[in-house]
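*Asks:* Here are the chains, one letter per residue:
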Amino acid sequence: MGIYRGKWLIRNVDLHINRGEIVTLIGPNGSGKSTCVKAVLGLMGLDEGSVTRARRVRIGYVPQNLKFDDSLPLSVRRLMSLTARHDRASIEAALKEVGIGGLIDKPVQTLSGGEFQRALLARAILRRPDLLVLDEPVQGVDFSGELELYRLIREIRDRLGCGILLVSHDLHIVMAETDRVVCLSTHVCCSGTPVAVADNPEYRRLFGARATEVLAIYRHHHDHNHNAHGDILPLPPEGSHKDEDHRHDG
Amino acid sequence: MMDDFFVRAMVAGIGVAIIAGPLGCFIVWRRMAYFGETIAHSALLGVSFGLLLDTHTGLTVFATAAAIALFLLLLQRSSRHSSDALLGILSHATLALGLVMIGFMTWIRVDLIGYLFGDILAVSTGDIAIIYGGGAAVLAVLVAIWRPLLAETASFDLAEVEGLRPHLARLIFMLMIAAVIAIAMKIVGILLITALLVIPAVTARRFAASPEMMAVAAALIGIAAVAGGMGASLRLDTPAGPSIVTAAFLLFLLSQWPGLKRPGSRM
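So the protein sequences, as listed, match chains A and B.
The opening residue of the first sequence carries number 1 in our numbering; numbering runs sequentially from there.
The opening residue of the second sequence carries number 1 in our numbering; numbering runs sequentially from there.
Next comes chain B alone, as it looks inside the complex (with noise of 0.2 Å):
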């Protein structure tokens, strides 16, 4: 009963899976969900770009998303709208903009479906050498940057005065989001990335007790919840991508559960 199309698409969730978890964890510590939702809806726009041009639509979100991010960078120092504002207007704005663009070109039928909500049974062994091989490059920078993005994190300031180049990691990490949305979108989509990216850093919280410490198990949850997602959607026939999502949150109710530690906290 293992097709193989199951086991690439188990292959591909994991190594998203991977890459999204240690990631998430700054997404989570930075409060900057919200900044991540943007940065993927953003991610059809790229879509549209891709299809406009006719190239592969991974570089065309990956340039969007990064486009994005820089310029609600530079929005957020300049701007006299609050960022949670400017994020509401770009998100939808994007998303809107994508949609329309996508309308405009009769000539070609689009999957809407599969961008929106990941197609990941339809993943080639092409697709999954480049998550592995973006995944591995993503986290090669993740751990040459850590303890300046770490730092950056918890004080700009005072990654600055030590000389960290605090600017240089932060805009880093905003193109490693951006690479991570454009390798993970056939996983589970532009509307669900931002779930596989905080909630199993959420849930590894509670187990945790040091920031190394959560990256690992928020890697090894999303790597449940993808096991479980996908054994679910085979067995139930639900659609793979909301399936891993809803695991994932089903292990976040779980580790919630009174009674379970949680070194460093005060609960």
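One chain only, chain A, in its complex shape (with noise of 0.2 Å):
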């Protein structure tokens, strides 16, 4: 797909999303990562190719720098209920999900940056969504935080089975809770599982020095996490409906 205003925002990006799976966008500041998303979203308009979706897909979204003016009262348990009715319990249980139960009647200006991404992830679960849309959740956060977080998706990812596209600023962090990795500069400049993306020597050109401390950290990781090894490989979709599939024309 491609996407023109004025200059190719984004051009022949070829991507798939299947149930079940992480697929995180990475990429410099303008490489296009959020113009992508939106396009999944159908917030853009396509300039080329198109953007399929499975029928009835049910798409939970985190959108980037959501902030809530401080002259809006609202609470979390308000917030849950912003764009549809949901019961109490409903509620209870999502948050105690990501791990905020007690903040439920806290306004949502008060909450801390880990507290309010959790806050937005618990909505997005709400809907019981196919395919979760993540633009940065990790905003606000701090390092531990970030893991933390990570590590929460990929736990809501094999309790709901959804698919999960996910915005991230670069590689190292989410290495470990990631199954396949597109690496964006306007078009895709490389994609594959975390360690293969990482290798390549476009995506070292891409992050400069920075690259190049990534593998070290996710092989660190890596040594004191091997349960989590196996969620890194790409897992052949079971029985998936769902195809996010992007063309682009020539």
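These are computed hints drawn from the structure, not numbers from a lab.
As the structure is a computational prediction, the values presented were derived from the model and not from experiment.
Incorrect hints may appear among the rest.
[To be verified] Just so you have them, the derived chain B footprint on chain A, three or more residues with Cβ under 8 Å:
| # | region |
| --- | --- |
| 1 | 36-47 |
| 2 | 58-65 |
[To be verified] Per label pair, the in silico range of CB-to-CB distance:
| # | chain 1 | residue 1 | chain 2 | residue 2 | range |
| --- | --- | --- | --- | --- | --- |
| 3 | B | A63 | A | K96 | 50 to 58 Å |
| 4 | A | G101 | B | A137 | 40 to 48 Å |
| 5 | B | L220 | A | R55 | 47 to 55 Å |
| 6 | B | I89 | A | R55 | 31 to 39 Å |
| 7 | B | A137 | A | A84 | 22 to 30 Å |
| 8 | B | M213 | A | D87 | 17 to 25 Å |
| 9 | B | M213 | A | G101 | 55 to 63 Å |
| 10 | B | V7 | A | R5 | 56 to 64 Å |
In this text, a Cβ means the ideal position worked out from N, Cα and C, and glycines have one as well.
Two chains, each in its own frame: build the complex with the hints.
*Replies:* What follows is the structure in structure tokens.
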């Protein structure tokens, strides 16, 4: 698919997301990650190619840079039913699932960065989504919080069996929790398993010196986290009806 | 001492406060105070059209305000200028244009002060019918689109992805603002309408733990401002519209008193 707004924001991007699979988009600023996400969600019109969604696919979305004005009195509970009514029990269950069960009556403006992102995740999973789209879900979260959030996202995938499209600013933290990485720089510069992408010279060229740390950090995690090992391997999707197909002309 | 005209004015003012409170909350949440001001100013242009065509000014005010609101939406999407600058241009251009057009119409005498600052004591039973009839319609629509509009206020993209049709909600909201301005113009006047929308809403923030609670509280505070302002205006012989806005302002100052509880705040 391609999107043209005076220049090509993204072009020749081909992307599939299967049920039960975590696909991570990485790339430097301005590489078209958010544009790509908006195209998948149908928020931006395409100038080339198409987006194909499985029929009646339910999408849960955590937008980037969501902020609530201080003038809006909004408790966590009310945030949960912002776009659709949910009963109290399922709201409590969703909040417990993301580990912030005790914050149900707190105003959203008083949450820390990590708590707020968890609340947004809970809101998204309340919809029982088939596809979860998370645009930079770790903004405003410190390093250890980031690791925990990514672990939580993987747990959600395991529990719901949904596909997850994740946008991340760089690779090293998400590596252990993702199945497939697509490295964007207006076009797809490389894609594959986290290890394959980290080894790819294109990726190294794009991210420079920082890229070389990635494998070291990853392997360090890997040493201490054998259970996670199986999860990073790309699993063939079983009984998957959902198919995100982005073609491009030429 | 409760004269007929005073009772009518009070009833009309309370009706306007009930509509303005909830809509004003959305204006505050969306940071659209200046937008509201611009639409209100364009009402004078609407008045001049009404006088020119010799029709009910309420209709031409609504049509003009709605047209300017939609025009602004379009401009904001396509223009290279910031929306602040656009509002600055349109807000004063429409006001000036309205004044110039009225100036050309030498064959009619116009109570300009009445349009600009309101003429609540001249409210007729017909006006009251329009306020309550129109107001009930506006509130019914607001209740109907409450969830999509609130979701759109929080995040347009989220509302769109989850199928709430935020474009439609936003469009209807703009038309409701235009309607309220047409309805409320006679009470506090073109230059003070935004105050009745914004001040009760901001005052209500301190006492509200949910959006719905804030909307109700804003309506109640608006009613208190109308009652207080009208009472003071009768006793002190001050102009009614400005007295209402002053009363609202005093309530706002009172609400900022330290020690009053404000749910949902870090203060």
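*Asks:* Where does the structure disagree with the numbered hints, that is, which hint numbers, in rising order?
*Replies:* 6 and 9
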